[in-house]
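Chemist: We have chain H; now place chain L onto it with these hints.
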Amino acid sequence: MRDLVADRLARKPGEVTAASRLVDDLGADSLDFVDLVFAIEKRFGVKLRDDELDVLSQLDFSSPEVMRDGFLTPDVIERLLPALPALSDVADPARVTPADVFGLITVDTLCAMVARKQGARA
Amino acid sequence: MIDKVMAARRSVRRFTPEAPPRALLERLLEAAVTAPSASNKQPWRFVVVTSPSRIAALAAEVREAVELIARHVEPRSESAFRAYGTYFTRFEAAPVVIVALYRSLTVLSDLVDAALPEPARARIAAMEERSGLIGVSMALQNLLLMAHELGLGASGMTGPLVAADRLRTLLEVPPSWEIAALVPVGYPAETPPAPPRKPAARVTEWLS
Chain H
35 MRDLVADRLA
45 RKPGEVTAAS
55 RLVDDLGADS
65 LDFVDLVFAI
75 EKRFGVKLRD
85 DELDVLSQLD
95 FSSPEVMRDG
105 FLTPDVIERL
115 LPALPALSDV
125 ADPARVTPAD
135 VFGLITVDTL
145 CAMVARKQGA
155 RA
Chain L
16 MIDKVMAARR
26 SVRRFTPEAP
36 PRALLERLLE
46 AAVTAPSASN
56 KQPWRFVVVT
66 SPSRIAALAA
76 EVREAVELIA
86 RHVEPRSESA
96 FRAYGTYFTR
106 FEAAPVVIVA
116 LYRSLTVLSD
126 LVDAALPEPA
136 RARIAAMEER
146 SGLIGVSMAL
156 QNLLLMAHEL
166 GLGASGMTGP
176 LVAADRLRTL
186 LEVPPSWEIA
196 ALVPVGYPAE
206 TPPAPPRKPA
216 ARVTEWLS
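Protein chains in written order, with this note's numbering: chain H, 35 to 156; chain L, 16 to 223.
In short, the hints are calculated from the structure, not lab data.
Just so it is clear, CB atoms sit at the ideal spot from N, CA and C, and this is done for glycine as well.
Incorrect hints may appear among the rest.
To be verified - Below, a list of computed lysine-lysine pairs in the DSBU-like style, where the Cα atoms sit at most 35 Å apart: (1) H:Lys151 with H:Lys76; (2) H:Lys46 with H:Lys151; (3) H:Lys81 with H:Lys151; (4) L:Lys56 with H:Lys76; (5) L:Lys56 with L:Lys19; (6) L:Lys213 with L:Lys56; (7) H:Lys151 with L:Lys56; (8) L:Lys19 with L:Lys213; (9) L:Lys56 with H:Lys81; (10) H:Lys76 with H:Lys46; (11) H:Lys81 with H:Lys46; (12) L:Lys56 with H:Lys46.
What the hints assert, rightly or not - FRET-style restraints, in silico, Cβ to Cβ: (13) H:Arg77 with L:Met153: 38 to 46 Å; (14) L:Pro132 with H:Gly137: 36 to 44 Å; (15) L:Leu44 with H:Gln152: 19 to 27 Å; (16) L:Val48 with H:Leu115: 17 to 25 Å.
Said to hold, decoys possible - Computed footprint of chain L on chain H, listed as stretches where at least three residues anywhere in the stretch have a Cβ under 8 Å from a Cβ of chain L: (17) 61 to 74; (18) 143 to 150.
Only chain H is shown next, with the shape it has when bound in the complex:
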């Protein structure tokens, strides 16, 4: 996973750790994120787009069911929790922005998603 992330984001493998945040530490943007998902699916033979990641990448941020007063609704937070356990540690769960969510995604998050998929398949 480290080599894959380093390649796609043009970072040295040594710069990428399990705790590296894709956006803040490695400079990924949303397109990089989509590209990474495809690359991970190919490399590890899993489908990540079926559930949590679809929730994340296809959220309609203009919908009142997704966003209220600039923050994600509790329902959305709950749906994202399985993919992003770190969400349960945020200071104020009622004031989480989409940028916060992307900021929480680490290399370890991706590894956990793949492991969960591979475990489910096995």
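Modeler: Showing chain L alone in chain H's frame:
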């Protein structure tokens, strides 16, 4: 005005030994990343080489690749090719070489299913490749114009790509990235004359 900068810019290949300060080089890169790109993919990365020994090592690889090719050029054209090939290593005269990388984002290729006919699949792949290359090319033009504006000399070089594989290794280019061009940068030691340009009317066809 931008038209004056565009008209006055030259491809500079001779430089004084003094290296431009890092702050100036950073302004070139800041100009580069303001370029447009398809879907704002920003499919570029830059490697700034400032070590003379590393630049010399890059040039040595290019020289070797030129030599290999020269041995396979038909005899009557060999000497002409060797003379042409000396241009491919001109970047070694610069105190700084900026290497521009690009990458195809293959999102659409990944989205289509296996039943899509091969010609259509190939067209998608070509589009994705060009999308990356055009993006970095526009960034390079910004960089070259800014270099001129700041009193620096530079030129975009693709000739060294005859040694692309070896350059990739020396520059530690990640596997899914490609080298688009090498850009030698420094203070100009020459003011090349403006080469003739074909008039726009000669290279344009209007369809109405």
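Chemist: Taking 8 Å as the C-beta cutoff, is the stated coverage of the region 61 to 74 of chain H by chain L satisfied by three or more residues?
Modeler: holds (count 5)
Chemist: Would the hint linking Lys81 (chain H) and Lys151 (chain H) be met if the CA-CA limit is 35 Å?
Modeler: With Cα atoms ~8 Å apart, Lys81 (chain H) and Lys151 (chain H) stay inside 35 Å; holds.
Chemist: Quickly compare the C-alpha distance for Lys213 (chain L) and Lys56 (chain L) to 35 Å and report which way the hint goes.
Modeler: Holds - the C-alpha atoms of Lys56 (chain L) and Lys213 (chain L) are around 32 Å apart, at most 35 Å.
Chemist: Is 17 to 25 Å right for how far apart the beta carbons of Val48 (chain L) and Leu115 (chain H) are?
Modeler: Given a distance of about 36 Å, which is not inside 17 to 25 Å, the answer is violated.
Chemist: With the threshold set at 35 Å, check whether the alpha-carbon distance from Lys81 (chain H) to Lys46 (chain H) stays at or below it.
Modeler: Holds, at about 27 Å.
Chemist: Quick check on a hinted range of 38 to 46 Å for Arg77 (chain H) and Met153 (chain L), using CB atoms only.
Modeler: Because 31 Å falls outside the window, the suggested range is violated.
Chemist: Using C-beta distances, would you say chain L covers the region 143 to 150 of chain H, given that this needs three or more residues below 8 Å?
Modeler: violated (count 0)
Chemist: Compare the distance between the alpha carbons of Lys19 (chain L) and Lys213 (chain L) with 35 Å, and conclude whether the hinted pair is satisfied.
Modeler: holds, 18 Å
Chemist: 36 to 44 Å was suggested as the range; check whether the CB atoms of Pro132 (chain L) and Gly137 (chain H) agree with it.
Modeler: holds, 41 Å
Chemist: Is 19 to 27 Å a correct range for the gap between the Cβ atoms of Leu44 (chain L) and Gln152 (chain H)?
Modeler: violated, 40 Å
Chemist: For a C-alpha distance cap of 35 Å, please report whether Lys151 (chain H) and Lys56 (chain L) respect it.
Modeler: holds, 29 Å
Chemist: Is it true that the CA of Lys56 (chain L) sits at most 35 Å from the CA of Lys19 (chain L)?
Modeler: holds, 30 Å
Consistency note: the structure conflicts with the earlier hints numbered 13, 15, 16, 18.
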